[in-house]
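A.B. asks: Got chain H; can you put chain Z on it based on the hints?
If you want the building blocks of each chain, they are given just below.
2 protein chains.
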Amino acid sequence: MRTDVNTLGEFGLIEHLTKQFSLQQPSSLVGVGDDAAVIDNGNFMTVVSTDMLVEGVHFDLAYTPLKHLGYKSVVVNLSDICAMNAFPRQITVSIAISNKYSVEALDELYEGIRLACEHYNVDLVGGDTTSSTRGMVISVTAIGQCEKELLCYRNGAKPGDLICITGSLGAAYLGLLILEREKKIWAEHPDIQPQLEEHELVIARHLKPEARLDVVEVFRKAQLKPTSMIDISDGLASEIFHICKQSGVGALLEESGVPMHPEAQLQAINFKLDPITCALNGGEDYELLFTIDPKDVDKVKYLPDIYIAGEILDAKDGVKLNTKGGKLHELKAQGWVHF
Amino acid sequence: MRTDVNTLGEFGLIEHLTKQFSLQQPSSLVGVGDDAAVIDNGNFMTVVSTDMLVEGVHFDLAYTPLKHLGYKSVVVNLSDICAMNAFPRQITVSIAISNKYSVEALDELYEGIRLACEHYNVDLVGGDTTSSTRGMVISVTAIGQCEKELLCYRNGAKPGDLICITGSLGAAYLGLLILEREKKIWAEHPDIQPQLEEHELVIARHLKPEARLDVVEVFRKAQLKPTSMIDISDGLASEIFHICKQSGVGALLEESGVPMHPEAQLQAINFKLDPITCALNGGEDYELLFTIDPKDVDKVKYLPDIYIAGEILDAKDGVKLNTKGGKLHELKAQGWVHF
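Chains as they are written, first to last, in the numbering used here: chain H, -12 to 326; chain Z, -12 to 326.
Worth double-checking, as some hints may not be accurate.
Any copy, or any two copies together, can satisfy a pair, since identical chains are not distinguished.
[Claimed, not checked] In the DSS-like style, the derived pairs of lysine-lysine whose C-alpha atoms are separated by at most 30 Å in a straight line are: (1) Lys6 to Lys87; (2) Lys87 to Lys170; (3) Lys171 to Lys87; (4) Lys6 to Lys54; (5) Lys6 to Lys195; (6) Lys259 to Lys195; (7) Lys208 to Lys135; (8) Lys307 to Lys232; (9) Lys135 to Lys232; (10) Lys232 to Lys212; (11) Lys87 to Lys195; (12) Lys145 to Lys314; (13) Lys145 to Lys307.
Calculated from the structure, these hints are not laboratory results.
Same shape as in the complex, but just chain H (with noise of 0.2 Å):
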């Protein structure tokens, strides 16, 4: 019998697979499921979280600086640690590269990671570098540091929290299509050059996103613990679905709520496809998604960047979203399928 992987998609495939493995660790607080894996310490939760990222699947060298690559796969590591409220402290790098690749590429590479080790705090404590036989894969593995009673789970939202984003959303999706567009018209015409510098943000958001430590900072100036989080790596609606699942609740989400950059929305209109939709189902957006306790409104309000878009329900109510035109969608959690 051959089942192909692509009938269970990313996340039923993972379920399948690890729903033999039980934990067995007394130290094993948190397995498979949520940003991250939590460890027990004693004093502190070590949160480890890890992701690979593939050559011709989740990058294109052909409008992929190196140095921006390198970055990335450090923030987007990061981002889940700061999903689950814990600081990020070190990092763990494993590239396998093929011959092709110069030391002077690399370095290219390492820098960017370094400026990300830099900016963000971490250290780089280890890795592994091997050959490839095509292609570049890159391995980061996320280590981080939280009082337990801090951690922020995926499962902690109940019904009448309320649903708030930091930054905005689709941008990074944008970008990825402008980049996708400018790629083919340059196979097309060689002499044509790309017309980036006007889509400079978009594109930004998507080569260079960032983790959300700050808000995670001002969580804890704030003394502000979230109810439920998670980072927006695949889509708004593939997220809210993972809150609402794990949570056991269901939602209703406002568009007028939902924050996007004007920037993102003219680009949207650009491409003919409905702004909302490419924060619903764009993805690599990295800003976070979470719930908060209704008696916390007045802190989150003064906050800067987090935007209230919505309200927790009961499960049974399902997972809504509110046009601005007034109207009632259920939504569908598309989020990006991988396979």
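C.D. replies: Same frame as chain H, now just chain Z:
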């Protein structure tokens, strides 16, 4: 300018790429350069090691059952944790796979991973599953625990210390040679069945190595702490050079003291190889090489499966092998060259 990565070698490349990185976090006790990184968590140290295995480079699915591959990909990382004198507790597993792999094939792989978790009592706590454009890449990160004062580094060997080796060396390399030979014969004459049964021991050592967690447990019971330790993944010569370089010492190895299984010796002769060369420059034995203070010699003498194979010298004396014929050879750190 374009410098080929081969000009630096694996260790040279890692050193080159990581030399711009410094440790800033107070909890980063040890970074790149030992078997694993060490993170200070107050009561216990967290020990982290990571390895990447690439199809066509580290494994050949023509003769590697997926279950064995899953088992081995865990073991090689646990071996690094053991080499720190620490106990492995958790792993994360990331895989990139092309669409040639079915769910059933991945089930086999994860069954091997699960068996290793069960055998070594470690928990799978996270990972990533993604697609690749070709072949399979497996990245495993192992996390262990150890009291600070019991950690064994590569840099603690002192002149006069005794050099010890666990188990036996060379068999995994000879197993690989047999598998490669039978694969070639089979490719040329598909009607001839591979002759593997009579070589079970050496083939098993290649396909299903074990980490010497039992030795770490024996050390605890015997209240023995090696002065330095490393796992033998790239061949004895390469590892003894790591110890000597990082400890600032020399070494005298006794050929008569290097443990080899009679079956491995026999196979070496069949391949017209000097058995000691297979122990020195073969790889993937995953035994432990360690040094002890001479005052601990009585503790070691009565421990099972541990062999005294030489003595640590001053750095000026170099790294030498005293052959069974009584000749002194200068050793070269050939080891495995991956690039």
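A.B. asks: Work down the list of hints and note, for each, if the structure agrees.
C.D. replies: We went through each hint and held it up to the structure:
| no. | hint | verdict |
| --- | --- | --- |
| 1 | Lys6 to Lys87 | between (39 Å within a copy, 23 Å between copies) |
| 2 | Lys87 to Lys170 | both (21 Å within a copy, 28 Å between copies) |
| 3 | Lys171 to Lys87 | both (23 Å within a copy, 28 Å between copies) |
| 4 | Lys6 to Lys54 | between (38 Å within a copy, 17 Å between copies) |
| 5 | Lys6 to Lys195 | between (35 Å within a copy, 24 Å between copies) |
| 6 | Lys259 to Lys195 | within (25 Å within a copy, 55 Å between copies) |
| 7 | Lys208 to Lys135 | within (17 Å within a copy, 33 Å between copies) |
| 8 | Lys307 to Lys232 | within (14 Å within a copy, 63 Å between copies) |
| 9 | Lys135 to Lys232 | within (23 Å within a copy, 41 Å between copies) |
| 10 | Lys232 to Lys212 | within (21 Å within a copy, 49 Å between copies) |
| 11 | Lys87 to Lys195 | within (24 Å within a copy, 32 Å between copies) |
| 12 | Lys145 to Lys314 | within (24 Å within a copy, 76 Å between copies) |
| 13 | Lys145 to Lys307 | within (16 Å within a copy, 68 Å between copies) |
In this structure, none of the earlier numbered hints is contradicted; all agree with it.
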